[in-house]
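Here the structure of chain A is known, so what remains is to put chain B in place on it, guided by the hints.
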Amino acid sequence: MNQAQAMKKAPTSAPARRRGKAASLDRKKARAGWLFILPFVLVFFLVYVPIIFDSINYSFHTIYLLSGGGFELDPVGWQNYYDALFVDAHFVMTLTSGIQQLILEVPAIVVFSLFMAVLLNQKMVGRTVFRAIFFIPVILSTGLIDSIDLNNAFTEYSQSGVDSGNAIQGSDSIMSAMDLQNLFAGMKVGHELLEYVVDIVNNVYGIVNRSGVQMLIFLAGLQSISPAIYESCTIDGATAWETFWKITFPMISPMILVNSIYTVIDSFTASSNKVMSYVSAVYSGATEGSDVLATAMYWIYFTIVILIIAAVAGLLSAYVFYQRRD
Amino acid sequence: MNAELEKPRLKKKKDFDVQFQDRTPFWQRFRARFLTFTFLKKVLWAIFRYVLLVGISYVILYPFIAKIAGSFMSREDFLDVTVRLIPRYPTLDTYKAIITENKYFLALWNTTVLSFLCAVVQMLTTMIIGYGFAKFKFKGNTFLFYCVIFTMVVPHQALRLALFQKFRYFDIYGIFNLLTGKTLNLINTYWPLALLSIGGLAFKNGLYIFLMRQFFRGVPDELEEAAYVDGSGVFKTFVRIIVPLSMPMMATVFLFAFSWQWTDNFYSTMFFTRSGSYLMPNILTIPSSLDVTGFQAADVYSSAILNTAALMIILPLLIVYVFGQKFLVQGIERSGIVG
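Those protein sequences? They're chains A and B, same order as listed.
Counting in the numbering used here, the first sequence runs from 1 upward without gaps.
Counting in the numbering used here, the second sequence runs from 1001 upward without gaps.
Worth flagging that the hints you see were computed from the coordinates, not collected in a lab.
Note that the structure is a prediction, hence the values are computed from the model and not measured.
Mixed in with the good hints, there may be bad ones.
To be verified - Think about it this way: if two alpha-carbon atoms lie no more than 16 angstroms apart in a straight line, the pair counts; the simulated EDC-like pairs of lysine to aspartate or glutamate are:
#1 A:Lys28 to B:Glu1225
#2 A:Lys28 to B:Glu1224
#3 B:Lys1236 to B:Glu1225
#4 B:Lys1139 to A:Asp146
#5 A:Lys274 to A:Asp146
#6 A:Lys29 to B:Glu1224
#7 A:Lys29 to B:Glu1225
Bound-form chain A, shown alone (with noise of 0.2 angstroms):
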């Protein structure tokens, strides 16, 4: 009762109060502002910058840790850069790879995500359960979980057939190259192409797994679209296609930017990521000098995700529809 008094009240008694003493409210709005965000602030600058600073000046040097406690840094200059580059046998090669894999999967899981969050929002009987199962991995597919299903010997066994004496080939894979093959052949759609399709389709799990967050993004983006805009469409006599090319698609895309790079973002960082797993290996390997080394190995790779996320940002962002809500 009184909270909607207040309420009405509002517009009509905060300008007069305002005039009166605008600077020191705005002031003392400014400094609360500073005290609510004063915990980030204060650990940021203490803790967070100079682990920063820390970790690219240790790239720089060797590490020996002394007997009686502490240890001492021995300025090397590009050493670490140069060995991760060019002496590390199999550093670039899995840098390659992981970063052509990086960009063959962002569209693959911004697309899935979409589809499947565009299913997820229609109504159907069964649609709590569907989404309930669709964000088990958001919760349970990560951390000590992956690790566990990166490499899963007893996932594979149960999955493959009985061993009857006919050998099933490709069995494991859902699909085998050979069956997609057959129905692309008279496509002319190219053998790049293909073999894009079919790492997808035998990736399916790992994609599941990991549009759990875009999907929930993108659930949020599609209920946020006002229903009286499809409602018109409907009666302007727009099919469900044209509805979505030329509502939903537009309406969602600041959507797509986000998930992108949330996408690029995510996978990066994942530990079931080649580079990622790689890099680990070599930081707790047992050779002197092995931890510097994959922290040089760590930024360098970072500066290359970087580079990735600008320019899938600057592309995207000219494409980008936003509405204007006044």
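Leaving out everything else, chain B in the frame of chain A:
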């Protein structure tokens, strides 16, 4: 057909209410409704949709089904080539061994406490920080928000060495060293995680701050202005008006923070060495009573044991998820991430 024509008429005489009933014959109504192209398309689409959804649900659920099946298998089942999913000699040995030898309940208790505290602290701090970014204009707001985005982009793995060194030889710009002459060792304490959580800098906290900020931007300013006019201060308004409003978002962030901390193996293995707190990653070893060396199917068997351990790790999470999942969509729905 005639009979169907008669029926409504007979009824109509008796029942006054059916006066305005449709006079179109049943067959015509049936044809107009069900034997059209639109209806066919709708049915086909529904079938396609269900096939697709069920298929992908299967892909998602399969690893869990396999894990459950494998957890009941005994040694003999792994040698039997005809056994793939349904064990012939079901046993609870794997569970027993993990509970007793890997000290499951100790890990469960420690992890529950750690995850719960982390999730609560992270939820509160990211909410406060997100509110600060969303509702107050001050110099440096945009710049600091870019800093948040930056923490999201930098992979924690890249900072691994520096993080460890920082908390092993903890110091803030050399102040401790000046005062006491030595640095602090925070490894194997809860301090590193607590510090990172308080600052909103722990695992994926950038994402939470982002979500919270988007959520609060959708809350109309008039609400707070009304409270200010009524004489409530900034903080009272926050506690009394904003916090109750943002329950779904808080639940979402809590769910994320709790479960991601629960399954985390990066921080918990880095900040807690062998002598430290006994957490979930520690139970991922082969119990000695289920010795697999020299066993013919050692590869698959040890993998199945690890899968059982994984199953036991996620079991409590599943319970949390069942209760929390409805907030997941709700919270993000209301965040109005658009624009």
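Unmet hints by their number, sorted upward, for this structure: 4
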